[in-house]
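Chains as they are written, first to last, in the working numbering: chain A, 988 to 1178; chain B, 988 to 1178; chain C, 988 to 1178; chain D, 988 to 1178.
In case anyone wonders, no lab produced these hints; they're calculated from the structure. Each hint should be verified, as a subset may be incorrect.
As the list claims (entries may be wrong) - DSS-like, lysine-lysine: derived pairs with alpha carbons at most 25 angstroms apart:
id	chain 1	residue 1	chain 2	residue 2
1	B	Lys1115	B	Lys990
2	B	Lys1013	A	Lys990
3	C	Lys1013	C	Lys1115
4	D	Lys1013	D	Lys1111
5	B	Lys1115	A	Lys1013
6	B	Lys1132	B	Lys1115
7	D	Lys990	B	Lys990
8	B	Lys1132	B	Lys1013
9	D	Lys1111	B	Lys1013
10	A	Lys1013	A	Lys1132
11	D	Lys1013	C	Lys1013
12	A	Lys990	C	Lys990
13	C	Lys990	B	Lys990
14	C	Lys990	C	Lys1013
15	A	Lys990	D	Lys1115
There are 4 protein chains.
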Amino acid sequence: MNKGRLEAFSDGVLAVIITIMVLEMKSPHEPSLAALRPLISVLLSYVLSFVYIGIYWNNHHHLLHATQRVNGATLWANLHLLFWLSLIPFTTAWMGENHFEAWPVAVYGMVLLLAGVAYFILTKALIKLHGRGSPLATSIGRDRKGQISIMIYAAAIPLAFARPWIAGAFYVLVAIMWLIPDPRIERTLAQ
Amino acid sequence: MNKGRLEAFSDGVLAVIITIMVLEMKSPHEPSLAALRPLISVLLSYVLSFVYIGIYWNNHHHLLHATQRVNGATLWANLHLLFWLSLIPFTTAWMGENHFEAWPVAVYGMVLLLAGVAYFILTKALIKLHGRGSPLATSIGRDRKGQISIMIYAAAIPLAFARPWIAGAFYVLVAIMWLIPDPRIERTLAQ
Amino acid sequence: MNKGRLEAFSDGVLAVIITIMVLEMKSPHEPSLAALRPLISVLLSYVLSFVYIGIYWNNHHHLLHATQRVNGATLWANLHLLFWLSLIPFTTAWMGENHFEAWPVAVYGMVLLLAGVAYFILTKALIKLHGRGSPLATSIGRDRKGQISIMIYAAAIPLAFARPWIAGAFYVLVAIMWLIPDPRIERTLAQ
Amino acid sequence: MNKGRLEAFSDGVLAVIITIMVLEMKSPHEPSLAALRPLISVLLSYVLSFVYIGIYWNNHHHLLHATQRVNGATLWANLHLLFWLSLIPFTTAWMGENHFEAWPVAVYGMVLLLAGVAYFILTKALIKLHGRGSPLATSIGRDRKGQISIMIYAAAIPLAFARPWIAGAFYVLVAIMWLIPDPRIERTLAQ
C-alpha cells in the first residue's frame, strides 16, 4: 500500500485545522484599538496551537519520510492522531475566549496529551510494520522527546487548577523543545 | 484519463468534511466543566461521523489503489458519493445538538444509506470500466459487506422512531464491521 | 513551469468551496421534520451549486490534462476563474435562504456568467501559450458549449426579474448540458 | 528532505485561507439589491486579499520551483510566512466590515508588512541552504521588489491614521507591482 495518499490526506486535514482556528478570532464590530484588546488571549492561544500543529506536521513529515510502506493499522493509527489534533481548534477557542482559566487550560493539555499518545502509537505501528532493525526504528530510537512531552503534559494538567499560567508555561516549554528539528531521523537518513 | 487528480480532489473534500464538522462544537462561553456537559452528545456524534469519514477515506483509498483508469462516468459517480458525504456535517450537528432524538437519528441514517448506495454505484462504474475479469472486479467480489451495511441502515431508519438508541447502536455496529480492513482487496493485490 | 502545483492548488480551492457551502445549511434547533422544511430551498440551491463546482472541476481536469505547460498569464487566468467560483457559496446561500427570489437568482446567474467568461479567458490563455495548431487548441475547437452557456446565463439574468423559476430552469439546463462529458477533448486525447 | 510535501501543505493552507475569507461575506437576509450595498466594502476588501494571497501563492510557486531541497529552518520559515498570511482573513473582515476606517486599515498593513518580512526571511533561509552562487540565489538577486513592498507598507501604516484611503491605494499599488510576473526567476530558469 502506498504512503502518498496518507501524506496527502494528513496534509489536507492539518492544513484545514491550522487555518480554521483563525475563524474563532471574530473580527470586532468597532474599528478601534480597544476593540482588539479582548482578542489578545485568543491570539496568544492561536499562536500556541499554530506552533503545535506546525510541530506535528513537521514531525509527521519526518516520520513518513522514513517510512517505506503503510497498512490498515497505520492508516487507523494516523486517523486516531488526526482525531485528537482536530479537537485543537475547539480547545484553543475555549482557552482563548476564557482568558486561560483553569478548566480550559486543563482540557487543552488533555487533548495535547492524547495527541502525544496517539503519535506514540503511530510510531509503534510503523516500527512493527518495518521491523525492529529497520532504518525507521533506528531513527526513532527510544523517542525520549515524545515520552518527556507526555510527562510534562501529565504534570501540567493538575497544575492548571492551581496556577493555570504554569500549565501554559509547560505547554510553551514542550513547543520550544520540539521547535529544534529532530537530529535523530535526519542523522540516520543522511547515512 | 489519470486517477491522480480524482484522488487528490477526493482527499481534499474528505479532509475538509472531517475537519469542518468540529466547527459545530461551539466552545462554551463559561470556563467550567459543567459548560462542557451539553457538548457530550455533540462530541459522540462527531466521533461517530469522524470514524465514518475515516472508513470512507480508507475504502476509497483501497478501491482507487486497485483502479487503473477513470472516465467521465466514474468521475461523476465519485462526485455523487462526495455529495452525500458532504451532508454528514449537517446531519452530525443536527443529531448531536438534539441529543439523538428520533428524526435527526433517522435522517442521519438516510444520508449514510444514500452514501452507501453511492459507493456501490461507484464500484459498479469502476468494474464496468475495467471489465468483469479484471483484478479490480475480483478484489471487490460480491461486496457482501457493502450490501449488509445498506440493509442495516435500512433497518435502523424506521427503528429510530421507536428507539433512537437502537438505530444509533446499528450505526456503531456498521462502523465496527468496517474498521476491520478489507482483506479481499489486500489479498488480491498481494498476489 | 510545472502544471502540477496549479492543479493541486485548484483542487484545494474547489474542494474547500464545494464543502464550505454546506456550512450555510445551519442545523435546526428542533428535532422535527417540520424544522427541515425551510431548508428545502437551501438544499436545492446547494445541490445546483455542488453540480456546478463538480462540472468546473471536471472540465478543469480535462483542460489541464491536455495542457503541457503553464506561464504567469495562465496562473492568473486560473486565479481569476477561482475568484468567481469562490463567490458561489455566497450567492448559493443568498438564493437558498430567500427561496429563489428575483435579485438573488439574478446575482447567482451573474456570478455563473462571470465564471463562464473567466473559463473562456483561461482556455484562450492556454491556447495562446500552446499555439493554434496544438492538440490542446484542436481539442477545445470553437468551444460552442462554453459560448452557449454564456448566452443562456445572459438570457436568464433579466428573466429572473419576471419569473425567477425560469432563470433557475435555465441554470439547471446548462448544468445538464455539461454533465455529458466533453467528447472533443477525450476524442483528441485518444488519438 | 523532499520539497513536495512543503508545497502540498502550503497549497492546502493557502487554498483554505483564500476560500474561508468569503465566509465573512454573510449573505443578507433580504432579497433586495439594497441589502447588498453594505457588503460593497467587504467585497472590495475580499478582492484585495484574494489578489494578495494569489500573489503569495504565485511567488511561492516560483520560489519553490527554483528550490532543490529544504531543511528544518526553511520548513519553519515557511510556517512563519503561513502564520501571517493566516491572519489575513481576520484583518480583511475587520477592514471590510468597518468600511476602511483608520485602525483596521493600519492593522491590515501591519499584517502585510509582517508577511512581507516573513517571505524575505524564507528567501534568505533558502539562499543560505543552497549557497550564494546557486541558481536560486542568482534568480532572487537583491529582491528589490520585496524590499520596496516592505517600505511602501511601512509608509502606508502611519498614513492610515491621516487618510485611510491613501494607505489603501498603497496596498493596491504593491499588488499591481507584483501582478506583473517576476522576470528574474523566469529568466534564470530559462537559461
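Query raised in the report: Taken at face value, is the distance from the CA of lysine 1013(C) to the CA of lysine 1013(D) at most 25 angstroms?
Result: holds (13 angstroms)
Requested in this report: Sort out whether lysine 990(A) lies within 25 angstroms of lysine 1013(B), counting only the CA atoms.
Outcome: violated (34 angstroms)
Query raised in the report: Keeping to a limit of 25 angstroms between CA atoms, is the pair of lysine 1013(C) and lysine 1115(C) held or broken?
Result: Outside the cut-off at roughly 45 angstroms; violated.
Report task. Measure nothing beyond the straight line between the CA atoms of lysine 1132(B) and lysine 1115(B); if it is 25 angstroms or shorter, mark the hint as holding. Result -> The given pair, whose Cα atoms are some 20 angstroms apart, holds under the 25 angstroms limit.
Query raised in the report: Hey, lysine 990(D) versus lysine 990(B), does the alpha-carbon distance stay inside 25 angstroms?
Result: Distance of about 23 angstroms is within 25 angstroms: holds.
Query raised in the report: lysine 1115(B) and lysine 1013(A): Cα distance at most 25 angstroms?
Result: Distance ~50 angstroms between lysine 1115(B) and lysine 1013(A) Cα, so the pair is violated.
Query raised in the report: Going straight from one Cα to the other, do lysine 1115(B) and lysine 990(B) come out at no more than 25 angstroms?
Result: It holds: about 16 angstroms lies between the C-alpha atoms, which stays within 25 angstroms.
Query raised in the report: Is lysine 990(A) within 25 angstroms of lysine 1115(D), Cα to Cα?
Result: violated (31 angstroms)
Query raised in the report: Between lysine 1013(D) and lysine 1111(D), is the straight-line Cα distance small enough, at 25 angstroms or below?
Result: violated (40 angstroms)
Query raised in the report: Does lysine 990(A) pair with lysine 990(C) here, judged by a C-alpha cut-off of 25 angstroms?
Result: It holds: about 23 angstroms lies between the C-alpha atoms, which stays within 25 angstroms.
Query raised in the report: Between lysine 1013(A) and lysine 1132(A), is the straight-line Cα distance small enough, at 25 angstroms or below?
Result: violated (36 angstroms)
Query - Hint consistency between lysine 1111(D) and lysine 1013(B) [alpha-carbon to alpha-carbon, up to 25 angstroms] - result: violated (41 angstroms)
The earlier numbered hints that this structure contradicts are 2, 3, 4, 5, 8, 9, 10, 14, 15.
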